[in-house]
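Using the sequences plus the hints, can you model the full thing?
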Amino acid sequence: DTAVSQTPKYLVTQMGNDKSIKCEQNLGHDTMYWYKQDSKKFLKIMFSYNNKELIINETVPNRFSPKSPDKAHLNLHINSLELGDSAVYFCASSQTRNEQFFGPGTRLTVL
Amino acid sequence: SQQGEEDPQALSIQEGENATMNCSYKTSINNLQWYRQNSGRGLVHLILIRSNEREKHSGRLRVTLDTSKKSSSLLITASRAADTASYFCATDSPGNTPLVFGKGTRLSVIA
Numbered sequence: 187d188t189a190v191s192q193t194p195k196y197l198v199t200q201m202g203n204d205k206s207i208k209c210e211q212n213l214g215h216d217t218m219y220w221y222k223q224d225s226k227k228f229l230k231i232m233f234s235y236n237n238k239e240l241i242i243n244e245t246v247p248n249r250f251s252p253k254s255p256d257k258a259h260l261n262l263h264i265n266s267l268e269l270g271d272s273a274v275y276f277c278a279s280s281q282t283r284n285e286q287f288f289g290p291g292t293r294l295t296v297l
Numbered sequence: 359s360q361q362g363e364e365d366p367q368a369l370s371i372q373e374g375e376n377a378t379m380n381c382s383y384k385t386s387i388n389n390l391q392w393y394r395q396n397s398g399r400g401l402v403h404l405i406l407i408r409s410n411e412r413e414k415h416s417g418r419l420r421v422t423l424d425t426s427k428k429s430s431s432l433l434i435t436a437s438r439a440a441d442t443a444s445y446f447c448a449t450d451s452p453g454n455t456p457l458v459f460g461k462g463t464r465l466s467v468i469a
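Chains as they are written, first to last, in our numbering: chain A, 187 to 297; chain B, 359 to 469.
Some hints here could point you the wrong way.
[To be verified] In silico lysine-lysine, DSS-like type, Cα no more than 30 Å apart, as pairs: (1) A:253 - A:230; (2) B:461 - A:208; (3) A:230 - B:427; (4) A:222 - A:238.
Everything labelled a hint here was simulated from the structure, so no lab data went into it.
Shown next, in the form of C-alpha cells:
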C-alpha cells in the first residue's frame, strides 16, 4: 500500500496553461505539505495544511493555490504556468514534527 | 530561509568504506533529522536527533550533534552500493516554523 501518493508522476505542459497535481495519504496524518525541489535538488516548503486548514504559506506566487477537501487529500493547482515553475513537486504528510512521509514526486516541465 | 548546509556536496567511495556527511545550521533547533532520497524518488526519513542529545545510532547509521557549533554529522558504516543516494539534513526550530532542508550530499558507493 502506498502511504503518500501523487498524480501525475510526470507533467509536461505549455507556458500559460493551468494544471493540477493531486496528493493523497492513507496514514491518517493531520498535517500535509507541498514542497518544490529545483534542479539543484534544493527542497523548499511551499504550503502546509493541518486538518484542512492552511498553517504555512511561504512566499509563493498567487498562481499556486492549494486545496484540501479533507484531511487525507491536498491538491495543488497552478495557474498561468511559467518556465520557472519547472521542478519536482513533493507532497508529504506527518502526524508529529519528528518525521515526514514523502510522496514519489511529480516532475513538472513547462515548455 | 535556508537553514542546513551539507558538505561535501558530493562524495564517492568504495563499497565497504565509511561515509561521513556534515550539516551546519544557523539558528536554535528542537531536533535535526536526516533523510535519504534515491534518484527519482521521494525523501525517506532515516533518523532524528534531539537538541539535548549528542549521539544516536540506528543500524549502520551514526548521527552526532554539536549544538555549540550548530553542526551534525551522519556516518554510514560499511557502505553498500544500495546506499547510493542523496542525503539531506533538516532542522526543526521552535515555534510554528516549517522543517528546513539543506541542499544535500550526493553519495555514490561503487561496487
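### Query
Quick one, are residue 230 of chain A and residue 427 of chain B close enough, alpha carbons at most 30 Å?
Given pair residue 230 of chain A, residue 427 of chain B holds - Cα atoms ~24 Å apart, limit 30 Å.
### Task
Could you grab the alpha-carbon distance between residue 461 of chain B and residue 208 of chain A and see if it respects the 30 Å cut-off?
holds, 26 Å
### Restraint check for residue 253 of chain A with residue 230 of chain A, where alpha carbons must lie at most 30 Å apart
Holds. Residue 253 of chain A to residue 230 of chain A sits at ~19 Å (cutoff 30 Å).
### Task
Take the C-alpha atoms of residue 222 of chain A and residue 238 of chain A, compute the straight-line distance between them, and say whether it is at most 30 Å.
Given that 30 Å is the threshold and the Cα spacing comes to 20 Å, the pair holds.
Checked against the numbered hints given earlier, this structure breaks none of them.
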